[in-house]
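Number of protein chains: 2
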Amino acid sequence: MNDKNICDDPCPIARCLAFLGDAWSLLILRDAHFGLTRFDQFRKNLGIGPAILTRRLATLTAEGLLEKRLYSERPPREEYVLTAAGRDFLPVLFTIGAWGRKYRGEGRLVRILDAETGAEIRPVLVDEVTGIKIGDRPICIAEPDGD
Amino acid sequence: MNDKNICDDPCPIARCLAFLGDAWSLLILRDAHFGLTRFDQFRKNLGIGPAILTRRLATLTAEGLLEKRLYSERPPREEYVLTAAGRDFLPVLFTIGAWGRKYRGEGRLVRILDAETGAEIRPVLVDEVTGIKIGDRPICIAEPDGD
DNA sequence: CCGGATCCGAAAAGATACTG
DNA sequence: CAGTATCTTTTCGGATCCGG
Chain A
349 MNDKNICDDP CPIARCLAFL GDAWSLLILR DAHFGLTRFD QFRKNLGIGP AILTRRLATL
409 TAEGLLEKRL YSERPPREEY VLTAAGRDFL PVLFTIGAWG RKYRGEGRLV RILDAETGAE
469 IRPVLVDEVT GIKIGDRPIC IAEPDGD
Chain B
349 MNDKNICDDP CPIARCLAFL GDAWSLLILR DAHFGLTRFD QFRKNLGIGP AILTRRLATL
409 TAEGLLEKRL YSERPPREEY VLTAAGRDFL PVLFTIGAWG RKYRGEGRLV RILDAETGAE
469 IRPVLVDEVT GIKIGDRPIC IAEPDGD
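Which chain is which? The protein sequence lines are A and B, in order. In terms of the working numbering, the first sequence opens at residue 349 and continues consecutively. In terms of the working numbering, the second sequence opens at residue 349 and continues consecutively.
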């Protein structure tokens, strides 16, 4: 893709494609939210080649979703932890998961539970002000001024 | 990627990657929700090569998010319209857009308005039962039985 | 003109071996 | 443990061409 001009695209979706338009990046983010931090943890869990993993981790770090943290001095060892932007990406993963559960749900699936109550979480996207579910009402797009 | 075994992955996110791990597919879905249906509409709006567009449309059709519909008999012309599964993908696009607005929001951005009230929509992901915002409480993952 | 199909060079994926 | 180097295979993206 043309990764140069999408940063200026007025669509906020297009601006995420530098890391979002890639299957590995999504799986790495999922595993990071699951608690994985180390190179070999990602590699073994995903079955990804080391060269590709290096590139994806570098991209996600450059895009501000992960950051490297030194966890050992001798020998120097680094791990990858989620930034605030990375943690804020959790709703995207949940929304994708909800779609997958509904339309790709044959067979066994993992479930997401509230850590305290144990109740299964059913994510739903609503408007913050009105509480109306997204998709229930027609929308329109307002173009930015100028362009 | 290895697109064969991810269909059996117990993670509902992984099962979406056949079409989700691709930047063009996301943009096509976005434009489809915007109202585009025809080959050349997508091609011109995205600046995508015809070969790639053909492949992406075929994938999205095979994955059940779009379907071909004949809109002209002579000459035979087909357009691509969203299925129910495709329309249900809207929350994913909104959630991505909300993240992009927050973390890639420099400059001009399109805005999403309620078609009737004109109020700007602020999507937020909550639990359907409790209404608690996703990310506000710790979660845990329940593995499926067997695997 | 619309909806593709074909061809080709460039890029990336995937696997394996190797290094500090 | 966290990568790099190297090689082969697949895919991407652009330009051009085809059928109705």
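Rather than coming from a laboratory, the hints here were simulated on the basis of the structure. In this text, all values refer to a predicted model and were calculated from it rather than measured experimentally. Any given hint might turn out to be false.
In this list, chains with the same sequence are indistinguishable; a pair is considered to hold if it fits within one copy or across any two.
Unchecked claim - Dumping the calculated DSBU-like pairs for lysine-lysine here, alpha-carbon to alpha-carbon at most 30 Å:
#1 K392 <-> K450
#2 K392 <-> K481
#3 K481 <-> K450
#4 K392 <-> K416
#5 K481 <-> K416
#6 K450 <-> K416
We went through each hint and held it up to the structure:
1. Taking identical chains as interchangeable, the C-alpha atoms of K392 and K450 lie at most 30 Å apart only when both belong to the same chain, with a minimum of 28 Å there against 33 Å between chains.
2. With identical chains, the CA atoms of K392 and K481 are never at most 30 Å apart, being 39 Å at best within one copy and 32 Å at best between copies.
3. Taking the closest pair of Cα atoms, K481 and K450 come within 30 Å of each other both inside a single copy (17 Å) and across two copies (21 Å).
4. Proximity of K392 and K416 under a CA criterion of 30 Å is satisfied intra-copy only: 19 Å inside one chain copy versus 40 Å between copies.
5. In this homomeric assembly, K481 and K416 come within 30 Å of each other (Cα to Cα) only across copies, at 28 Å, whereas the closest approach inside a single copy is 37 Å.
6. Within a single copy, K450 and K416 get their C-alpha atoms only as close as 35 Å, which misses the 30 Å cut-off; across copies the closest is 22 Å, which meets it.
Hint violations for this structure: number 2 only, all remaining hints satisfied.
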